[in-house]
Amino acid sequence: MSEKIDGLMASLRAGLQDLPEEAVRPALDYWAEYIAEALEAGRSEEEILSRLSTEEIVAAIRAEASLVRAESRPGPLRLTGAGRSVLRGLGGTAGRASLLAAASVPYTLAIGLYLCAVGSFLAVAASAGLTVYEITRMSASSAWERIGAAGLGLFAAGLLGALGLLLWLAANAITRVTLRVLRRGVHRSDAKEPPPAAPRSPGRWKARRAAFIVLLALGLLGLGLTIPARLPWSYVSIWNSMRPAALTERSWSFDPAEIRTLDLQTLSSGITVRVGSSDLITLRYEEPRWMSGAALRRGDGVSFSETSSGRLPYLEWVARHEGVTTLVMEVPEGYVPREVTLRSGSGPIEVAMPAETIRVETENGRLGFAASRYAYGVRAMTRNGTISVSGTVLDRTTYEAAGGPLEAELRSVDGKVEIR
Amino acid sequence: MKKGVLEPLVLAILKDGDAYGYELSERVAGIVDIAETALYPVLRRLQEQGLLETYSVEHNGRLRKYYRITPRGRRRWQEYVKELEGLERVIALVKRGGKDDVGED
Numbered sequence: 001m002s003e004k005i006d007g008l009m010a011s012l013r014a015g016l017q018d019l020p021e022e023a024v025r026p027a028l029d030y031w032a033e034y035i036a037e038a039l040e041a042g043r044s045e046e047e048i049l050s051r052l053s054t055e056e057i058v059a060a061i062r063a064e065a066s067l068v069r070a071e072s073r074p075g076p077l078r079l080t081g082a083g084r085s086v087l088r089g090l091g092g093t094a095g096r097a098s099l100l101a102a103a104s105v106p107y108t109l110a111i112g113l114y115l116c117a118v119g120s121f122l123a124v125a126a127s128a129g130l131t132v133y134e135i136t137r138m139s140a141s142s143a144w145e146r147i148g149a150a151g152l153g154l155f156a157a158g159l160l161g162a163l164g165l166l167l168w169l170a171a172n173a174i175t176r177v178t179l180r181v182l183r184r185g186v187h188r189s190d191a192k193e194p195p196p197a198a199p200r201s202p203g204r205w206k207a208r209r210a211a212f213i214v215l216l217a218l219g220l221l222g223l224g225l226t227i228p229a230r231l232p233w234s235y236v237s238i239w240n241s242m243r244p245a246a247l248t249e250r251s252w253s254f255d256p257a258e259i260r261t262l263d264l265q266t267l268s269s270g271i272t273v274r275v276g277s278s279d280l281i282t283l284r285y286e287e288p289r290w291m292s293g294a295a296l297r298r299g300d301g302v303s304f305s306e307t308s309s310g311r312l313p314y315l316e317w318v319a320r321h322e323g324v325t326t327l328v329m330e331v332p333e334g335y336v337p338r339e340v341t342l343r344s345g346s347g348p349i350e351v352a353m354p355a356e357t358i359r360v361e362t363e364n365g366r367l368g369f370a371a372s373r374y375a376y377g378v379r380a381m382t383r384n385g386t387i388s389v390s391g392t393v394l395d396r397t398t399y400e401a402a403g404g405p406l407e408a409e410l411r412s413v414d415g416k417v418e419i420r
Numbered sequence: 001m002k003k004g005v006l007e008p009l010v011l012a013i014l015k016d017g018d019a020y021g022y023e024l025s026e027r028v029a030g031i032v033d034i035a036e037t038a039l040y041p042v043l044r045r046l047q048e049q050g051l052l053e054t055y056s057v058e059h060n061g062r063l064r065k066y067y068r069i070t071p072r073g074r075r076r077w078q079e080y081v082k083e084l085e086g087l088e089r090v091i092a093l094v095k096r097g098g099k100d101d102v103g104e105d
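Note that the protein sequences, when read in sequence, are chains A and B. For the first sequence, the working numbering begins at 1 and goes up steadily by one. For the second sequence, the working numbering begins at 1 and goes up steadily by one.
Since the hints were made in silico from the structure, they are not lab data. Because the structure is a prediction, the values reported are computed rather than measured. The beta carbon of each residue, even a glycine, is placed where N, CA and C say it ideally should be. Heads up, some of the hints might be wrong.
Below 20 Å or equal to it, Euclidean Cα-Cα: the simulated EDC-like pairs (lysine to aspartate or glutamate) are [to be verified]:
1. Lys65/B x Glu85/B
2. Lys65/B x Glu23/B
3. Lys416/A x Asp395/A
4. Lys65/B x Glu53/B
5. Lys416/A x Glu361/A
6. Lys15/B x Glu79/B
7. Lys65/B x Glu33/A
8. Lys15/B x Glu48/B
9. Lys4/A x Glu36/B
10. Lys65/B x Glu22/A
11. Lys416/A x Glu363/A
12. Lys65/B x Glu21/A
13. Lys65/B x Glu40/A
14. Lys4/A x Glu33/A
15. Lys65/B x Asp29/A
16. Lys82/B x Asp16/B
17. Lys4/A x Glu56/A
18. Lys206/A x Asp255/A
Quick look at which bits of chain A chain B covers, simulated, 3 or more residues with Cβ under 8 Å [as the list claims (entries may be wrong)]:
19. 24–33
20. 53–61
Some chain B residues close to chain A (C-beta under 7 Å, calculated; not the full set) [to be verified]:
21. Gly21
22. Glu36
23. Thr37
24. Tyr40
25. Arg44
Make the full structure from the sequences, and use the hints.
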């Protein structure tokens, strides 16, 4: 070949250098063969070169290669390079640029769907991990509940996986159609029908359908395992603050002469402390089957804590809803402990007893405090709830009132604080 | 408009026999006035869609690449023919200045 033709081929190669070899090689072969055939047919070199524009050839190859590559890529990767390459191939034509701008709407939708699909897949991994974590924390004797927990994880993972797959396929479909419209716009802006779809692998479709069916089946299997373990019903009853059908009454009593501090903590059960008729400090606790409560003597103090019995997974999350079971502590008339601490995640707390210092904290339960009956100085605060004093709701989130020798600190994150 | 007819035109030419790139380009140029650079992307696209396939034959000490229509390409050509038949009515109507009496002839 002459220097001029070599020059044309070199310009083509330079213009296509960032494209993959599988796109460049056939193009260069085609044009080399084309020129050789044209020379053989008797055309002069000048005539051939005068009718071949390097820029036009490069632009056409680039646009075609980018779309072919984009369509053959899986998932969101097909979106990344396609728009940029197509823009290069468009050569600044206003009509075609507007086509690309219009395509940005379905592209954005597809990207949103891809992100949701990825979120679903991550949620599958999270639910699997959480399930394993919860099962390892559950009591070994609760075999049925552990199977139910596994079923719950399977149910969530199966449904989320199927949802993620559907979202991914929807995003793929939108992307494919958008690319096809772009392709038609780049190459045949006047055509009425899009070119026929690239052949799809039937094996891939079968695999996707099988994956979807397997995921749904796993979800249903999970549900089948969870229902016999009664987990859904337990969650519904806790969430709706329903009183459990089976409660175990537990009680403890202590000599007030030996006890100076009291520390009571619950997850969701309410706490009521008041002055009673007995000469002893008594604690009565209604224990639901998914909770476990115990009062222990430590030095001159008593502490009570309510924890998960290890029979219901994810209890700490569900138990954030206000519970209806209660822990009631009664103290003798005239008994004033040095320090009382009451904490509940979501249970209501009712206080009507004296203490040198009392601290009451609740996340989102109601907090009732009988301050007027005893000489309390009160400091109360809430973050998102309300404070009312003697029935009047204050328009601020803190309250302070000086009082007698007794001190009370009341905190509620989201619940009401009622000082009476 | 001209670019839009390249795909059916190439399929129609190859339906009657295989052809190499330059030969195809010359035959297309004899029918439609179009830049010589326009054909290559069309051939690539038709190949990607499985409508064409290629094979090489030695010629004067080099390889000449021939294009052949696939069964899928033939079906696509038939679809094009049906579409163009539909367009004929529109073309006739446009030529007659919008009087819709084409079908009554």
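- Message: With the threshold set at 20 Å, check whether the alpha-carbon distance from Lys82/B to Asp16/B stays at or below it.
- Response: holds (18 Å)
- Query: Quick one, are Lys4/A and Glu33/A close enough, alpha carbons at most 20 Å?
  - Reply: Holds, because 15 Å separates the two Cα atoms, which is no more than 20 Å.
- Query: Is the hint on Gly21/B kept, meaning its closest Cβ partner in chain A is under 7 Å away?
  - Reply: holds (6 Å)
- Item | 20 Å Cα cutoff - pair Lys65/B, Glu21/A | Within the cut-off at roughly 19 Å; holds.
- Item | Hint consistency between Lys65/B and Glu22/A [alpha-carbon to alpha-carbon, up to 20 Å] | holds (16 Å)
- Task: With a cut-off of 20 Å on the C-alpha distance, tell me whether Lys65/B and Glu85/B pass.
- Result: Violated: Lys65/B and Glu85/B sit about 33 Å apart, past 20 Å.
- For the pair supplied as a hint, Lys4/A and Glu56/A, confirm whether the alpha-carbon distance does not exceed 20 Å. Satisfied, since the Cα-Cα distance of roughly 17 Å is no more than 20 Å.
- Message: So is the segment 24–33 of chain A in contact with chain B by the C-beta rule, three or more residues under 8 Å, or is the coverage claim wrong?
- Response: holds (count 6)
- Item | Pair hint Lys65/B and Glu53/B, alpha-carbon separation not exceeding 20 Å | Measuring from Cα to Cα gives roughly 10 Å; hence the hint holds.
- Task: Would you mind confirming whether the straight-line C-alpha gap from Lys65/B to Glu40/A stays at or under 20 Å?
- Result: Holds, because 15 Å separates the two Cα atoms, which is no more than 20 Å.
- Holds or violated: are the alpha carbons of Lys4/A and Glu36/B at most 20 Å from each other? Distance of about 18 Å is within 20 Å: holds.
- Query: Is Lys15/B close enough to Glu79/B, meaning Cα to Cα at most 20 Å?
  - Reply: At roughly 13 Å apart (the allowed maximum being 20 Å), Glu79/B and Lys15/B satisfy the hint.
Comparing the model with each numbered hint stated earlier shows that hints 1, 18 do not hold.
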